[in-house]
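Turn these sequences into a full structure, and let the hints steer you where they fit.
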Amino acid sequence: MIRITFPIAAALALAGGMAQPAPAQEWARKMFDVTYHDFGTIARGAKAEFAFELTNRYMEDVGIASVRSNCGCATPRVEIDGDSLKTFEKGAVVARINSQSFLGHQRAAITVTFDKPFRAQVQLHVKVYVYSNVLLNPSSVDFGTVSPGTSAERTIGVRYTGRADWRILDVRSHNPHLAGNLSEPQRRGNRLDYQLHVALDPDAPPGYIRDQLWLITNDPRAKHIPVVVQGHVLPAIAVSPSSLFLGVVPPGQSVTRQIVVRGQQPFRITDIHTDCDCLRAAPPTGDESKALHLVAVTFTPGERTGKIARTLVLETDAGERVELPAHAVVPSDAQ
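With the working numbering applied, the sequence shown has no gaps in its numbers, which climb one by one up to 335 at the end.
To be clear, the hints were calculated from the coordinates, so they are not data collected in a lab. Owing to the predicted nature of the structure, the values given are computational and were not obtained by experimental measurement. Cβ coordinates follow ideal geometry from the N, Cα and C atoms, glycine included. Treat the hints with care, since some could be wrong.
[As the list claims (entries may be wrong)] Distance condition first, Cα-Cα at most 30 Å in a straight line; then the derived BS3-like pairs of lysine-lysine:
(1) Lys307 x Lys90
(2) Lys307 x Lys116
(3) Lys127 x Lys90
(4) Lys223 x Lys127
(5) Lys86 x Lys30
(6) Lys30 x Lys127
(7) Lys47 x Lys30
(8) Lys116 x Lys86
(9) Lys290 x Lys223
(10) Lys307 x Lys86
(11) Lys223 x Lys116
(12) Lys116 x Lys90
(13) Lys223 x Lys307
(14) Lys307 x Lys30
[Claimed, not checked] Now the in silico label distances, taken between C-beta atoms and shown as ranges:
(15) Ala65 x Tyr36: 52 to 60 Å
(16) Glu315 x Asn218: 35 to 43 Å
(17) Leu169 x Asp287: 23 to 31 Å
(18) Tyr208 x Ala309: 28 to 36 Å
(19) Phe32 x Asp287: 42 to 50 Å
(20) Ser66 x Tyr36: 16 to 24 Å
(21) Ser151 x His224: 23 to 31 Å
(22) Ser101 x Arg172: 24 to 32 Å
(23) Glu303 x Pro138: 51 to 59 Å
(24) Arg221 x Arg188: 41 to 49 Å
Below, the structure written as structure tokens:
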């Protein structure tokens, strides 16, 4: 395999090609989609996280040595597979607000230090207002794992301490598959308690749920209070990895990777087709229905060089159709 050094890779950024190598820190910043997030107003004790997503747009592995925050109000963590990001792989630096301990207006700067292929630093910034009068228990709505075609319900407590005339007027959702409703409030002195009931309907599409409900109040300081809703609706058929990177493959060579196709019930793969002759795969032999199948995918470059993006489509006897994006890099002779 031809090894491509980072200065060349930086100059030929896979996202579109830079005419000149990026400045020492700029190559790292360009991997992030955004570097600032405003959480707005959240309740005390609420779960509040934001993922600063990054993509390795270069041909060298990218390593993160550390992340740190200049304020205890925000705790950062790194989410990547393994100890580095390969070409086209995605990861995230997740900022979590410590809403139980830090109240009122808070700001934090998160410093991300890269150690591969060169040392560099990127600063990410978050802002939040933690509304101390409202407490959520538990801190979010978590449906956990939900089987396809089934509904789910969860209940959390919403407690307000303060004004006698404070009220939640409505519960709103931008997700048509999520609905929330409130029980009659219970008042004890200056404390007001609600039960928030949240339902996920059985038509919710497969995938991870990372959403919010909004509590609409009569307080002008905090008219909209978000409640994090999370969970995972399992697909009937899933492919791992969800995006297949075939590597850097010189012209004239081939590479084979194995994918895992898993179902909630036993099934057969009836057909596999692609949008390019350069990508080949065949259904497993035999008529046996199984909940797990292993499929070999072979990529053989054609005349085109650079980034190659194709799609592999799997058909099953259950009527499911699964699309798998596949990527490769074919270097030119000059590289």
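Hints, verified against the model:
no.: 1; hint: Lys307 x Lys90; result: holds (16 Å)
no.: 2; hint: Lys307 x Lys116; result: holds (22 Å)
no.: 3; hint: Lys127 x Lys90; result: holds (24 Å)
no.: 4; hint: Lys223 x Lys127; result: holds (18 Å)
no.: 5; hint: Lys86 x Lys30; result: holds (16 Å)
no.: 6; hint: Lys30 x Lys127; result: holds (22 Å)
no.: 7; hint: Lys47 x Lys30; result: holds (29 Å)
no.: 8; hint: Lys116 x Lys86; result: holds (11 Å)
no.: 9; hint: Lys290 x Lys223; result: violated (52 Å)
no.: 10; hint: Lys307 x Lys86; result: holds (14 Å)
no.: 11; hint: Lys223 x Lys116; result: violated (45 Å)
no.: 12; hint: Lys116 x Lys90; result: holds (15 Å)
no.: 13; hint: Lys223 x Lys307; result: violated (47 Å)
no.: 14; hint: Lys307 x Lys30; result: holds (18 Å)
no.: 15; hint: Ala65 x Tyr36: 52 to 60 Å; result: violated (22 Å)
no.: 16; hint: Glu315 x Asn218: 35 to 43 Å; result: violated (54 Å)
no.: 17; hint: Leu169 x Asp287: 23 to 31 Å; result: violated (59 Å)
no.: 18; hint: Tyr208 x Ala309: 28 to 36 Å; result: violated (23 Å)
no.: 19; hint: Phe32 x Asp287: 42 to 50 Å; result: holds (49 Å)
no.: 20; hint: Ser66 x Tyr36: 16 to 24 Å; result: holds (20 Å)
no.: 21; hint: Ser151 x His224: 23 to 31 Å; result: holds (27 Å)
no.: 22; hint: Ser101 x Arg172: 24 to 32 Å; result: holds (29 Å)
no.: 23; hint: Glu303 x Pro138: 51 to 59 Å; result: holds (57 Å)
no.: 24; hint: Arg221 x Arg188: 41 to 49 Å; result: violated (23 Å)
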